[in-house]
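K.L.:
All chains, please: the whole structure from these sequences, using the hints.
Sequence order for the protein chains is A and B.
Our numbering applies: residue 1 is where the first sequence begins, and numbers increase by one.
Our numbering applies: residue 1 is where the second sequence begins, and numbers increase by one.
Think of the hints as simulated: they come from the structure by calculation, not from any bench.
Virtual Cβ for every residue (Gly too), placed ideally from N, Cα, C.
Hints are supplied without guarantee of correctness; some may be wrong.
Said to hold, decoys possible - Distance ranges between label pairs, derived from CB positions:
#1 A:Gln-322 - B:Pro-144: 58 to 64 Å
#2 B:Lys-303 - A:Gly-243: 21 to 27 Å
#3 B:Ala-307 - A:Phe-225: 24 to 30 Å
Stated by the list, open to error - The calculated PhoX-like cross-link candidates involving lysine-lysine, where the alpha carbons are at most 20 Å apart (straight line), are:
#4 A:Lys-349 - B:Lys-94
#5 A:Lys-168 - A:Lys-109
#6 A:Lys-109 - A:Lys-247
#7 B:Lys-303 - B:Lys-249
#8 B:Lys-303 - A:Lys-248
#9 B:Lys-249 - B:Lys-174
#10 A:Lys-248 - A:Lys-141
#11 B:Lys-319 - B:Lys-94
#12 B:Lys-317 - B:Lys-94
#13 A:Lys-247 - B:Lys-303
#14 B:Lys-249 - B:Lys-176
#15 B:Lys-317 - A:Lys-349
#16 A:Lys-141 - B:Lys-303
#17 A:Lys-247 - A:Lys-141
#18 A:Lys-240 - B:Lys-303
#19 B:Lys-176 - B:Lys-200
#20 A:Lys-141 - A:Lys-60
#21 A:Lys-354 - B:Lys-317
#22 A:Lys-60 - A:Lys-275
#23 A:Lys-247 - A:Lys-60
#24 A:Lys-60 - A:Lys-48
#25 B:Lys-317 - B:Lys-200
#26 A:Lys-354 - B:Lys-94
#27 A:Lys-275 - A:Lys-168
As the list claims (entries may be wrong) - Simulated coverage check for chain A against chain B, where a stretch passes if three residues somewhere in it have a Cβ under 8 Å from a Cβ of chain B:
#28 137-146
#29 157-166
#30 290-296
#31 322-336
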Amino acid sequence: MKNKILLLLKKEGSKSFVSSLIAIALGLLFGFVIILIANPGDALEGLKLLLTGGFYRGAKSLGQVFYLAVPIMMTGLSVAFAFKCGEFNIGTPGQYIMGAFTAVFVALKCDFIPNSILWIVCIIAAGLAGALWAIIPGVLKAYRNVNVVISCIMCNYIGMLLVIEGIKATIYNPTGAESYSVPAEKAIPAFGLDKIFPDSNINFGIVIAILLCILAYIIMNKTTFGYELKACGYNPDAAKYAGMNEKKCIILSMAIAGFFSGVGGAIAYLSGTGKTLPISEVLPAEGFNGIPVALLGFNNPIGCIFAALFIGYINVGGNYMQSLNIAIEVIDIIVASIIYFSSFTLFIKMIFNKYKNKKQKSIEGGHES
Amino acid sequence: MSIVYFLFAQTLLFAIPLLVVALGGMFSERSGVINIALEGIMILGGFFGVFFINFMQTNQIMSGQALLILALLVSGIVGGLFSLLHAFASIHLKADQTISGTALNLFAPAFGLFIAKTIQDGVQSVMFENQFRIVEVPILSQIPVLGDLFFKNCYLTTFIGIFILIISYVFLMKTKTGLRLRSCGENPQASDAAGISVYKMRYLGVVLSGFLAGMGGLIYILPISTEFNCNVAGYGFLALAVLIFGNWKPWRIAGAAFFFGATKTIAYTYTSIPFLAALSLPATAYKLIPYIATLILLAFTSKNSAAPRAEGEPFDKGKR
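P.N.:
Given below as structure tokens:
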């Protein structure tokens, strides 16, 4: 009996896995068709570059994959964490940009902190800034019943405008009409990762990001606190009846989610690659791109690691593909179709189950006769 | 007095696209389907509308207001078709409604830019000539005050927007189909028991929202630019906010859109308003007004917000 249950559990997981593989295959196929229509001559070559791009220049490309994956891994984790607690955190762009600004500000202005620990201080400060920015919608939801989606959208714009003003007032570089960049000696150290992935922009940030994902998984699934957060997400009334403080749950889940987004912004701008904060009124794409990462990762913190790496991987491939005059937008088209097809998961599972039930019935029928 | 007319015209430029798109979102959400894809649908609708105008103008086939109306139809139809993807996933496949919405949001700008770059040899913006401004409507512009407010230096889209508002109200609140559509967003099981096809109603809601959002994309870009970069500056998400702010009701949505348009107008024109310019605050302070004011208003009005009860839930016949 026990074995049978184990087998079933295994099958449920494997079904999810198989249906995501189907979604990825369908998405890639769709992308290929688009390339084929746009540029029939180079389509096969383009597909090859897309699929192998992450290894195209060996370790360098792979290091680049990690570099691109980190920010969206964090914003994806942010969206996924809030999702598990029943809130749709569409405020990641605002939290991300607040974190990024705080990190750059601390790195450039706080000279009294020695460089060896400066990056740690920056990351923590950025995380707190992100958390603060997510607490606003959380408090408004908990005490005034304000829809989180709308307050997050408002906070995105408020954050973006405040950051622009903050840059102009403190760390503005008039020659480029942007912020100063964080110099390499103050950036997150690579701790030898640059030896393994030479010439790439990799740094220790990838390790921090993965550790945070694992930490989020542990909070979510192995602690009483995480259980309370999830319970409030599933059914706030029942959670309240069971003696949980649902207001506290909402605020804390948003704050933690915001912390992750803020850290994402810090890691992106402390990479030592000369990345600067713009003063144009555009929300950072890394923020919204957290939503697809979370969805591809089934809102599971561990899933976010793989989803972000996957999107980073095909983005690197897409960059190489531009040499064939194939517009890089095809990457977003592919990711969008993969997400769309992943919404068929339930449907594909249903087909699986129907097939299985039929089989089982025929077996049972055989036993009876 | 002329400054008042100018500010009013500006307010309408901001408010009308928000109004049209938010009304679209209203149909979808009142039928029980969350539509966060409004932004994407706006972009794709706007893109094809602008592309249509570009094609007609460069080949000199058509021009003027007739072209505008046709282009609006093109945008609307593209938006409606595009939203079918969302409808199919969230109604038939019972998928999580944020998933397909996000997919559409990601897909639309990428697809538009990809087509533009492929057709125009790497140039991503689609150009068009703005020949749609009406300097003066004959006769009507002679009405004192009202004539200056509505019928001088205006766009046909303003009247279309107001027309859509009235039609939407009548359709949703006063017709049998509207009542049925609303019932599917509140208690689909009861609607089903009463013999209403929940699937059909929800498809209707989503496609209507796609049609209006697609049109909204073109309405947004026409008066303010002469090129389209597959970017509507977050108006789709703002429309979502207006929809929630407007409590899912047509007239309150109109009020919310107008409020947002007015505060945004202050943010961009404060230098020409004497007493605001005299304060000499940084520009950012004014730009923050629409968002902060919305947050504060929401904090005081959200206690009895009335979202459709079955919103976001896939319809399951067997559930009670």
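K.L.:
Can you name, in rising order, the numbers of the hints this structure does not satisfy?
P.N.:
Structure breaks hints 6, 20 and 23.
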